[in-house]
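Given the structure of chain A, go ahead and fit chains B, C, D, E and F onto it with the hints provided.
Protein chains: 6
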Amino acid sequence: EKNTGSDVWLPTLVTETPQEGFALAIKLARMGVKSTQSDKEVLFREREKYSQDADSLIHASEVIAAYFQTVAAANNYWK
Amino acid sequence: EKNTGSDVWLPTLVTETPQEGFALAIKLARMGVKSTQSDKEVLFREREKYSQDADSLIHASEVIAAYFQTVAAANNYWK
Amino acid sequence: EKNTGSDVWLPTLVTETPQEGFALAIKLARMGVKSTQSDKEVLFREREKYSQDADSLIHASEVIAAYFQTVAAANNYWK
Amino acid sequence: EKNTGSDVWLPTLVTETPQEGFALAIKLARMGVKSTQSDKEVLFREREKYSQDADSLIHASEVIAAYFQTVAAANNYWK
Amino acid sequence: EKNTGSDVWLPTLVTETPQEGFALAIKLARMGVKSTQSDKEVLFREREKYSQDADSLIHASEVIAAYFQTVAAANNYWK
Amino acid sequence: EKNTGSDVWLPTLVTETPQEGFALAIKLARMGVKSTQSDKEVLFREREKYSQDADSLIHASEVIAAYFQTVAAANNYWK
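Protein chains in written order, with my numbering: chain A, 1 to 79; chain B, 1 to 79; chain C, 1 to 79; chain D, 1 to 79; chain E, 1 to 79; chain F, 1 to 79.
Bear in mind the hints are in silico, worked out from the structure with no lab data behind them.
Fair warning: this is a prediction, and the values are worked out from it, not measured in the lab.
Cβ coordinates follow ideal geometry from the N, Cα and C atoms, glycine included.
Among the hints, erroneous ones may be present.
[Claimed, not checked] Covered, in the sense of this in silico footprint (three residues per stretch, anywhere, with C-beta under 8 angstroms from a C-beta of chain E), are these stretches of chain F:
#	stretch
1	8-14
2	33-42
3	59-67
[Stated by the list, open to error] Subject to a maximum C-alpha distance of 20 angstroms in a straight line, what follows is the list of computed SDA-like cross-link-like pairs (lysine to any residue):
#	chain 1	residue 1	chain 2	residue 2
4	F	K34	F	L10
5	C	K27	B	T17
6	D	K34	C	R47
For reference, chain A alone in the conformation it holds in the complex:
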């Protein structure tokens, strides 16, 4: 899995605030999609669809919650 040379987009899970941790969870959720489909046109086309559909939006929030669990634990809940 050594991806030397390719860009470093995830240097750390540590953030200063819970809000930045939530933003990182959103980024992780999106990278999970991009790692499966990197074609921007497909992503743009599909975004038009899922961002207009309640169940897809609820599902997207669920994915963010799963990553946020990890980021929050990584930051000891910013206590």
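This is chains B, C, D, E and F only, laid out in the frame that chain A set:
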């Protein structure tokens, strides 16, 4: 992820009571949706749909449960 | 999230027994639905539907499991 | 949630072996369904359906996994 | 849950390596299905279906992930 | 589960960086699919389908998140 200047909506995961923790989990679930779709009209239209459908309502509760796991751990289960 | 004045339905996550913890997880799952849809008529109508459908019933149990994880951890697994 | 008088079906999360822990997770998953729908006829009818469908069977295993996480942690993984 | 006499298929969650832990998670996922549907013909018929469908295959991996979380924690992540 | 002789693809859960941990989570998600369906033609055909569909892409990211929770905990969040 530094969102300086933009409004601070998540200063902390700490709440005084489990009930406030549950309310924060609901807020996180909704922010997960808003971070994906910020258009209020779309959100309002879709809310009309999902809030009338059993499976969507069960799914919404599932997302709240995922955030509540994090908030409860952050507060050491208010013990 | 301060809901002063409104009724206190979640004073604590602590219960005496695992069975009471399971009952609390069921209550949390239902409050997750009610926080999204408070209209009793809609809830009653939809209950008729999902309580007759296998996949919805499996999904409901899944949501209870997510809350039960939190309640069980909050009670140190009643050991 | 005090269910005094009603039968005690969940005295403890502790089991002697992982296999008994898995059996308890199955029982919890089924009680999650029964707490939502107690009518045996409906459960029997729906069981005929979901036990014949791949996605429902995968979903049922997923629910058992969520309860097994809790039971395994409660037993310190039977180490 | 005492299943004395029936075969012992889950003596322990401990494995020597992460790869064996992953194999155990796959076994647990399949036992979760078998505990719900033991009829080999039904399982074979349905396997033909879900093993040919992307969403079912993604869902199967998700179930393995939930069991792998438990097996990995049981083995202290093989550190 | 002893798979002596077969190739060793998961020697450890330890990685040097969060980004490598994320890559390992993607690999685990894919191995979860391959363990269920090893036929490359089927996988290639189905990839064409799910990589073009928003809900499948969101679901794929959710599966990666579940494995990433385990990998991150295994690496003590790379702190």
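Hint by hint, here is what the structure shows:
1. 8-14: Contact hint for the stretch 8-14 of chain F vs chain E: holds, 7 residues under 8 angstroms.
2. 33-42: holds (count 5)
3. 59-67: Coverage by chain E holds here, the residue count being 6 at a Cβ distance below 8 angstroms.
4. F:K34 - F:L10: holds (14 angstroms)
5. C:K27 - B:T17: Answer holds: K27 (chain C) to T17 (chain B) is near 17 angstroms, not above 20 angstroms.
6. D:K34 - C:R47: Holds. K34 (chain D) to R47 (chain C) sits at ~14 angstroms (cutoff 20 angstroms).
Consistency with the previously given hints is maintained throughout, with no hint failing.
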